[in-house]
Amino acid sequence: MLEKTAPRTAPLLSRATTDSRTLIHVAWETGEEASYFHGFVAGYAKATFSASTADRVVLASHELVENALRYSLISQSIGYDLAVSSSEVRISVENGTTLARADMLRTQLQRIQSDPENTYTTELARSLTGTGRRSMLGLARICHEAHMAVSVSVIGSTLTVVATCRR
Amino acid sequence: MVRVSLRPVWEYIEGVREFGRFFCETTFKRPDVAARAQVVLQETLENAIRYSAHDENGKLEVEITSDGCDLRISTLSRADPAHLQTLRDEIEMLRQFDPEAAYLAAFVRASQQPEGSARLGLARMRFEGRFELQISEEPGGHVRVTAIGKL
Amino acid sequence: MNQLVNVSVPRVDGFNAELTLPSLLYLSGVLAQSEPGKLVGPFFEDLHRAVVADGLREIIVDVRQLTFVNSSAIRLFVDWAARLRASSETEAYVIRFRTDRRITWQRTSFLVLQSLAPRQIIIEAE
Chain R
1 MLEKTAPRTA
11 PLLSRATTDS
21 RTLIHVAWET
31 GEEASYFHGF
41 VAGYAKATFS
51 ASTADRVVLA
61 SHELVENALR
71 YSLISQSIGY
81 DLAVSSSEVR
91 ISVENGTTLA
101 RADMLRTQLQ
111 RIQSDPENTY
121 TTELARSLTG
131 TGRRSMLGLA
141 RICHEAHMAV
151 SVSVIGSTLT
161 VVATCRR
Chain H
1 MVRVSLRPVW
11 EYIEGVREFG
21 RFFCETTFKR
31 PDVAARAQVV
41 LQETLENAIR
51 YSAHDENGKL
61 EVEITSDGCD
71 LRISTLSRAD
81 PAHLQTLRDE
91 IEMLRQFDPE
101 AAYLAAFVRA
111 SQQPEGSARL
121 GLARMRFEGR
131 FELQISEEPG
141 GHVRVTAIGK
151 L
Chain F
1 MNQLVNVSVP
11 RVDGFNAELT
21 LPSLLYLSGV
31 LAQSEPGKLV
41 GPFFEDLHRA
51 VVADGLREII
61 VDVRQLTFVN
71 SSAIRLFVDW
81 AARLRASSET
91 EAYVIRFRTD
101 RRITWQRTSF
111 LVLQSLAPRQ
121 IIIEAE
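Keeping their order, the protein sequence lines are chains R, H and F.
Counted from 1, the first sequence has number 140 at position 140 by the numbering used here; the numbering is strictly sequential.
Counted from 1, the second sequence has number 126 at position 126 by the numbering used here; the numbering is strictly sequential.
Counted from 1, the third sequence has number 125 at position 125 by the numbering used here; the numbering is strictly sequential.
No wet-lab data here; the hints were simulated from the structure.
We put the CB at the ideal spot given by N, CA and C, even for glycine.
Please note that a few of the clues may not be correct.
Covered by chain H, according to a simulated footprint, are these stretches of chain F (three or more residues, beta-carbon under 8 Å) [unchecked claim]: (1) 39–49; (2) 53–64; (3) 93–99.
Computed cross-link-like contacts, SDA-like style, restricted to lysine to any residue with a CA-CA straight-line distance of at most 25 Å [unchecked claim]: (4) R:Lys46 with H:Pro99; (5) H:Lys59 with H:Leu87; (6) F:Lys38 with F:Pro10; (7) F:Lys38 with H:Phe28; (8) F:Lys38 with F:Ala53; (9) F:Lys38 with H:Ala34; (10) F:Lys38 with F:Gln114; (11) H:Lys59 with R:Glu145; (12) H:Lys29 with R:Thr53; (13) H:Lys29 with R:Lys46; (14) F:Lys38 with F:Asp62; (15) H:Lys59 with H:Lys29; (16) H:Lys150 with H:Gly140; (17) F:Lys38 with H:Asp98; (18) H:Lys150 with F:Ala53; (19) F:Lys38 with H:Tyr51; (20) H:Lys29 with H:Gly58; (21) H:Lys29 with F:Lys38.
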């Protein structure tokens, strides 16, 4: 069965609360890996936030971007946005997607949010045996380890995954 | 290929420089290209931040693109109008000389003006980085400085 | 009296300067701060004065581990070359730079720097 794919579109910039301000926005074409990106965000976060917030931002950024790179459609752009408002830090990652992939992600997230700790433990164990889904462990880490709220939205063919936490 | 937007704060230069360097190294698999990009990123970012219009919510944007032959590194910022003309004049003046001669001339000028600003950066980008420079104005008082070099 | 031993070495994040007597200066790290002239300039001025006062004929500057500098930092070497060129015959000395030709800024900048004082700046490139 052929997967439905969407025509190429540029990522949409999603916005949160009215006083939200983007600190960094990175947009790039999909590549094989982004180790340079993680180092950049780590340095930036450590220079900008408290140690505990920086750790959460680094973890969530890493996992969201790795997921986007791993599961993005070929030749689709990825957009990363780190924003702050008076009350929260918001990380959003956008990439091109298929309907099936978006549905799978929603299902995974619902499962994680119903029981973050157990899901995290289960996925961690599965990852050690090579049977788990890497994206699921990543999302579980964001929810359970980084204590961030995660949401998924799809507009057209653009998937946006957002992780937020209080400042 | 990649675009980074952030506030024009000096402390972020190192991070963007190293990000750009690693990006080029990973993308082009050539350390020499990465080293040249590193120089251009440092010098253009310094210029953009040092001479930006003072605006807390100002934006600095860095873009790295390539068509397979040329590598383009551009920075977009809100420039202090007084500096913009100086920058144009300097780029125009440098274009009249080959990169090595211009770099030497910049060294001589700096050695003769110990209290003055060095103004080595643009000449350095041309000689060490092997990039040529273009400057253009964009809406909202923004200036884009584009460095173009062969891969 | 040995003036070089009294030269105070600057403390700058990510950058290291080490003075080993009788006349070896070892520079390493990255020097790309916003005003390296203010942070490190006085050190180079003191160094020049001490070398002259001690009557040294040569100082070796090993920069092979100085992996990246901005143009404001390159200016420090230009200023040093200018001081050297302005020295009298009795004060004159040689700076022998030990460089790494694989590091782009060293390969390009030191040859140009040598042009400012060709008899007083020697470049060794490994």
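| message | Taking beta carbons only, do three or more residues of the region 39–49 of chain F come closer than 8 Å to chain H? | response | violated (count 0)
| message | Just to be careful, I want the Cα atoms of Lys29 (chain H) and Thr53 (chain R) compared with a cutoff of 25 Å; is the pair within it? | response | violated (34 Å)
| request: Assess, step by step, whether the Cα of Lys59 (chain H) is no farther than 25 Å from the Cα of Glu145 (chain R), and give holds or violated. | output: violated (32 Å)
| said: Run the distance test for Lys38 (chain F) versus Gln114 (chain F): straight-line Cα separation, threshold 25 Å. | reply: holds (24 Å)
| message | Would the hint linking Lys29 (chain H) and Lys46 (chain R) be met if the CA-CA limit is 25 Å? | response | violated (29 Å)
| field | Hinted pair Lys38 (chain F) and Tyr51 (chain H), Cα distance within 25 Å | value | holds (19 Å)
| query | When you check the alpha-carbon spacing of Lys59 (chain H) and Lys29 (chain H), does it fall within 25 Å? | reply | Violated. Lys59 (chain H) to Lys29 (chain H) sits at ~30 Å, over the 25 Å cutoff.
| request: Mind checking the alpha carbons of Lys38 (chain F) and Phe28 (chain H) for me, to see if they're no more than 25 Å apart? | output: Violated: Lys38 (chain F) and Phe28 (chain H) sit about 37 Å apart, past 25 Å.
| request: For the pair supplied as a hint, Lys38 (chain F) and Ala53 (chain F), confirm whether the alpha-carbon distance does not exceed 25 Å. | output: holds (23 Å)
| said: Taking beta carbons only, do three or more residues of the region 53–64 of chain F come closer than 8 Å to chain H? | reply: violated (count 0)
| said: Holds or violated: Lys46 (chain R) and Pro99 (chain H), Cα atoms, limit 25 Å. | reply: Not OK: Lys46 (chain R) and Pro99 (chain H) at ~38 Å, beyond 25 Å, violated.
| request: Starting from Lys29 (chain H), check that the Cα of Lys38 (chain F) is at most 25 Å away, please. | output: violated (37 Å)
When each numbered hint is compared with the structure, violations occur for hints 1, 2, 3, 4, 7, 9, 11, 12, 13, 15, 16, 17, 18, 20 and 21.
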